[in-house]
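Let's have the full structure, built from the sequences with the hints guiding it.
Residues 1 to 306 (the numbering used here) are what the sequence shown spells out, left to right.
The hints are simulated quantities; they were obtained by calculation from the structure and are not laboratory data. Small disclaimer: the values here were computed from a predicted structure and weren't measured. C-beta atoms are modelled at their ideal positions from N, C-alpha and C, and glycine is treated no differently. Among these hints, one or two may not hold up.
[Claimed, not checked] Quick list of simulated restraints, FRET-style, between CB atoms:
#1 GLY92 <-> PRO146: 43 to 49 Å
#2 GLU23 <-> THR139: 43 to 49 Å
#3 LEU46 <-> ASP149: 18 to 24 Å
#4 LYS81 <-> GLN60: 37 to 43 Å
[What the hints assert, rightly or not] The calculated lysine-lysine pairs, modelled on BS3-like cross-linking and capped at a C-alpha distance of 25 Å, are:
#5 LYS88 <-> LYS19
#6 LYS148 <-> LYS81
#7 LYS254 <-> LYS275
#8 LYS130 <-> LYS81
#9 LYS143 <-> LYS175
#10 LYS242 <-> LYS227
#11 LYS175 <-> LYS275
#12 LYS253 <-> LYS227
#13 LYS227 <-> LYS275
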Amino acid sequence: MKELQVGVMTGFPDPESAKQNVEQAEALGFKSLWVGDHVAFPVPILDSLAQLALASAYTQSVTLGTCVYLLPLRHPTLVAKQVATIDKMAGGRLVLGVGVGGEFPNEYAACGVPVGERGARLTEGIGVLKALWSGGSVTHNGKFYPLKDVQMLPEPEQEGGPPIWCGGRSDAALKRAGRLADGYISYAIDANRYRQSRMTIEEEASSAGRDDGSITYGHMLFTRLGKTYEEAHDAATAHLSKRYAMDFGPAAKKYAALGRPADVAEVISRFREEKVSHLVLDLTGPLSDREEQLRWFSEDVMPLLR
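Okay, here's the thing in structure tokens:
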């Protein structure tokens, strides 16, 4: 089993906070920092790639990633240039997590993209990214993104481009991950559902002639530490209900790691049993106690995971 890497969902709204986030993550032993992505969302959210470009100036060791970038909302040629540039800035420590979103159809309408085409656009877009990152001349006869003799230089820092991790829970998303992705990153599922998802991915990878060992398995986990389960659940529910504009209480019980350090570690161990080697913590709750939650996890949960 691969060694567990633990990262954190965060944001970099200004240079000072970017510097603080990076320094804190490095000091506490976290291996990666991730940002979410939306164009229009119930709560304020900054552009994901711009945030990672800012953060790249402050780290020589932490991996930076998107969890997940809504690629179908953008033309992949432009995304290929932006991501290759950030990969250079970050010294080859970038992971591009991609997905379709779709929870907010008006977001697609605002970008002039039919929401019903999001899956097909993502599949084709991944191929365009990888082709352009090769550094050679690309001709692509696709339905959405036709290209003729396009060469994009310089190439990314990582040969062939940053790893692409696919998100999603539908069969189509899982099969896409098995056929095309370097990794899989899930959220809002439990360990039993994760097992089913992983098996679908492995079957599709095998059918495509791929080595399953080449796929990294990740999971973004809503997490809240508290003196009691109830205290943690209340804080997580308040935060997530506002973020997603819905009552998140039942979902928090089902999908989040809540309570004392041992309780949180137990939930994580179930995902470890399903080959998860990269955990992305979404520390839910007010920003005012984020540093305390990070330190608490580092000092009291991480030792239990070893």
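For each hint, the structure was consulted:
The beta-carbon spacing between GLY92 and PRO146, approximately 30 Å, falls outside the hinted interval of 43 to 49 Å. Hint check: GLU23 to THR139, Cβ distance near 45 Å, so the stated range 43 to 49 Å holds. The given range of 18 to 24 Å is broken by LEU46 and ASP149, whose C-beta atoms sit roughly 35 Å from each other. Separated by about 24 Å at the C-beta atoms, LYS81 and GLN60 break the suggested range of 37 to 43 Å.
A hinted pair counts as satisfied when its Cα atoms are at most 25 Å apart, and LYS88 with LYS19 qualifies at roughly 19 Å. Straight-line distance between C-alpha atoms of LYS148 and LYS81 comes to about 16 Å, which keeps the hinted pair within the 25 Å bound. A threshold of 25 Å between alpha carbons decides the hint, and for LYS254 with LYS275 the separation of about 20 Å falls inside it, so the pair holds. Restraint check for LYS130 and LYS81: satisfied, since their Cα atoms lie roughly 11 Å apart, inside the 25 Å limit.
At most 25 Å may separate the alpha-carbon atoms for a hinted pair to count; LYS143 and LYS175 meet this at roughly 20 Å. For the proposed pair LYS242 and LYS227, the alpha carbon gap of about 23 Å is at most 25 Å, so the pair holds. Restraint check for LYS175 and LYS275: the C-alpha separation of about 18 Å stays at or below 25 Å, so the hint holds. A threshold of 25 Å between alpha carbons decides the hint, and for LYS253 with LYS227 the separation of about 16 Å falls inside it, so the pair holds.
Under the criterion of a C-alpha separation no larger than 25 Å, the hint pairing LYS227 with LYS275 is inconsistent with the structure, at around 29 Å.
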